[in-house]
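Trainee: Residue strings, one per chain:
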Amino acid sequence: MASVRNTWIHSPAGEYLNRLSEQTLGREIPALLLMVIMLAIMLVFLAVSALFLIWLERKISARIQNRMGPMLSGPAFLRNRSMWFGGGFQTAFDAIKLLLKELIIPGRADPVPFVMAPVLIFGVSVAAFLVVPWAPALSVADLNIGLLYVISVSSLTVLSIIMAGWASNNKYSLLGGLRSAAQMLSYEIPLLFALLGPILMAGTLSMQGIIEAQRELGVWFVVPSFLGAVIYYVAAIAEVNRPPFDIPEAESELVAGYVSEYSGMMFAMFFLAEFSNMMLVSAIAATVFFGGWAVPFMPMPEQPDLLYTLIGGVVFFMKTYALILLMMWIRWTFPRVRPDHLMNMGWKFMLPLAFLNLLICAGVAVMQAEATAAGQPVSRLAVWLVGAVSLAVIVGGLSLFKEKDRPYHLVSAGGAEKKE
Amino acid sequence: MSPLLFYAIALVIIVPALAVVLSENLFHAGLCMIVSFLGIAAIYATLSAPFVAAMQVLVYAGAIAVILLFAFMLTHDIMQPQLQSSRFQQTASGVVCLVLAGFLGRVAMSSNWQVLKSQAAEGVPLGVLGKSFLTDYLVPFELVSLLLLMTLVGAIVIARKEEKDRAAWENDDVAVKP
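Chains as they are written, first to last, in our numbering: chain A, 136 to 555; chain B, 321 to 498.
Isolated chain B (complex conformation) (with noise of 0.2 Å):
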């Protein structure tokens, strides 16, 4: 990959994430994410990896950023001004953010990066991936569907109603009709 066109996709990547954090309008910090979650998708796919590339698109932009809007669209009045973090959050966050970079940083910079022997462009066969993750990433490839299942385990038992509330709720709309 030419040095130019790291740097020209790593521009996509940050400056829309910055918008992500600083963009008073929430809608469109919701769609700058999705142009940075398809930056790290160009990466992908110049770092000879496109099925992590196009399940990045899959997932992040087209699933998870996707819901994130929805919600937006849910909710009442997410625009008022009343919603805004207090100066206390903004402080905290900007503290965690800082020592976050700096640890990453400090990885990154002391790390000895290994040069591997340069791939075909389309990258590994996709079946040699699809053994790995039933041999020997097994162990890592459950514990991460077990964490997407107790995520909607969570989700169902938040979003539910109590058998009470359903009652009232039928009771309601009987009660409605001539």
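Just chain A, same shape as in the assembly (with noise of 0.2 Å):
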């Protein structure tokens, strides 16, 4: 029976679809096309999320800020009728607006990577949607490496940045790219471990695995690796250059960073990338650490069935969405982070504690594999009881340091300070 059930989980979307165009037309759609459709699906669906989320993005900033937001675009009914429902076609007309802009490719720029890097960016968020999984059975793909290919896909996003950077032939373009590398290549390596905690506990890489895992040991990741997820979270937040964490495009210092020779849609591709590396990074926590599209208080049928895969479908949205609201909480209620400071909690703070997390999950994987060969299931207490420790030794260690002396301590190293 379980055999049936892993076949299901695994199954990639795509089967869904030949065997629909079986039933209705008495044959497979031929390999090419399936790719072409299965794409097609994915970039509606990016871009219309992106446009939704950038819409969220202001209305959310403008209710923290005390504001309305874009209140006056969409169908008369809907104008002033209360702040969440004007102005629901701002981004569509600002979409529009950007297409019909002129693309300027500025006299002494590098043309060829200059045309490159938004395409690139945009195209590598969108190459590494292809694993994540929305409900059960609905994935592009369920690679055997699933989460290690959303983790080396997304590392070319930095190449991007970079040759926007160096092609722009602008110092403070440069300036952002240079900032932009040394940031992402630094926080690359706390996010990765703090993903591998969890790959330990379910033995896999597989995104729908790791789900099914967490479903098998009937806690989500989250509550023994407390730490690895937020280590994780703020971590992707640096990745995907986000407040506070976007001393690449600092403003008020570098013009827009790496964005400021870009016009038009060339611009809005980046845009485009942050808004669905965003969903991408909160789709992947959902996954690992907060248990997938497991419905709770409701029993995983042992067949294909719809109606699991559609609530399945809706609880992972919930989750994916909640962390994304999280983010922009953060976004709109924090101060920029300094880059000597960004870096000092990066290498200092967050890796050491990544390593800490790693062990705890490492105690977790051994009390399954024991459980295993003992012929029984892992007490569910006894995992909270590690969350629980762990993390009250963590917190109650890190308050031990005198606050001057705490390792993730902003003030910065030099010691000009003493000399006064």
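Please note: incorrect hints may appear among the correct ones.
[As the list claims (entries may be wrong)] Using C-beta positions, here's what the derived DEER-type ranges look like:
#, chain 1, residue 1, chain 2, residue 2, range
1, B, V379, A, V501, 47 to 55 Å
2, A, K232, B, T366, 38 to 46 Å
3, B, G425, A, P512, 53 to 61 Å
4, A, A166, B, I478, 47 to 55 Å
5, A, P431, B, M470, 45 to 53 Å
6, A, P431, B, I478, 30 to 38 Å
7, A, Q158, B, S430, 30 to 38 Å
[Said to hold, decoys possible] Examples of chain A residues toward chain B, derived with CB under 10 Å:
#, residue
8, P165
9, V275
10, S287
11, N305
12, A317
Please keep in mind that the hints were generated in silico from the structure rather than gathered at the bench.
Fair warning: this is a prediction, and the values are worked out from it, not measured in the lab.
We put the beta carbon where it would ideally sit given N, CA and C, even for glycine.
Bring the two chains, given one by one in their own frames, into a single complex with the hints.
Mentor: Shown next, in the form of structure tokens:
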């Protein structure tokens, strides 16, 4: 029975389309056409959700700053009704405006990398969405190396930012590119180590497999590796260059960083990529730490089931959007971090904690292995206990440091203060 | 893998690789190197080795090449013509490359290639790969990590500030203050 369930969960979405076409048209869709269809669905979905997210971000920033945000665009009967209904079409009109604008390539710029950079950054982010498990059996591909694939593909993002920074031939762009490269390379390491813990506990890199492992354990991986979830989330914000880690495009010092010279749709591509990357890191966090599409209080059917798939998809979206909302909340309430503080925090504070988290997760993995050897399920209580005790120890340990000796203390390392 | 696909990927590897050597623009050379790395990853992917392909992208294209480009951006006047290699360097590297190519070609020609039985598209399970790293191939695996450690220590030794210099730098910092 279990094998039927496994094949159901792990089958890619294309198989459903194929079966559907076999029933209605009597033959399978050619592989190439299927690829094009899936890609088109992904692109439309990502573009629409990016538009929606941009609107949402404007509205949330308005709410936080006690404003209304965009109110006037859209059909007349929605205008000035309430804050959340007015201006619903704002970003759609913005997109049209950007499409109609002229694409300016500066005369002394390096044209090929300059044009390639925005294409690459959006392409990479679309490619990484390939393995995101929206619901059981609803990912474009359930790769054996799923999570590793996402990480390796999205490591090319920094490349396009460097390309943009260099090719613009502008000192602010170059500085932005430099800062971004330093930031993204540094934060990739705690990010990877934070993900390693759940991978250890799940025993697989497949995204659907990680969700399945959490369902079998009965506890989300955020419980034993709460620390890992926090480190992942902070590092992910740094990876997508969002405030408070937006030093690569800090407008008060760098004009707009690596996007300074871009206009029209090329600028919009950077913008789209930022929002789709935001969704990507949130979807990964929802999968790896928060149990993905697994529906609480509802037993998983053995056979393919449309209702469960739908509810699972809704659950996955709710988790992803909760994480995105948290990211927006952080953006509009935290001041920007200084570059040297950022480096200090990444290397001296987050990386050692990520190692600690790995150790805790390894302990849980050993518990799992012993329970499997004894032929009984892992006790949920023990996992909760491990999570609570380790969290208490870490928080207690950090609070033992004196304020100025704390490893994440954000006063700069220079000795100028002492000498005065 | 169909021969057509193989030749297409080989073209993606070789043409940018030539551009790396021949391009006068160092930044373009770095970018071409990344394209070449991605082509190699594509070869791995078509040979049912997705793990190796992902590692190729993550380590070579995503980290090593990016650090290379990062170093270009930090280097002052890297595009100046006087930084070009001399005629002697060019000749010497040409000779070394020819010898290496001849050697590799000879090995490739004289080896009797065995055809292994075809594997599943997803390749060797990762668990098997990890176990063999920690059992059969433990010594080479640890040697590689030792090499990396040596590189790291070496980089820190080169990059660190001497204690003297640091004191001078800090005094300087204070002196500037009003």
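Trainee: To test your reading of the hints: which numbers does this structure violate?
Mentor: 1, 6, 7, 8, 9, 11
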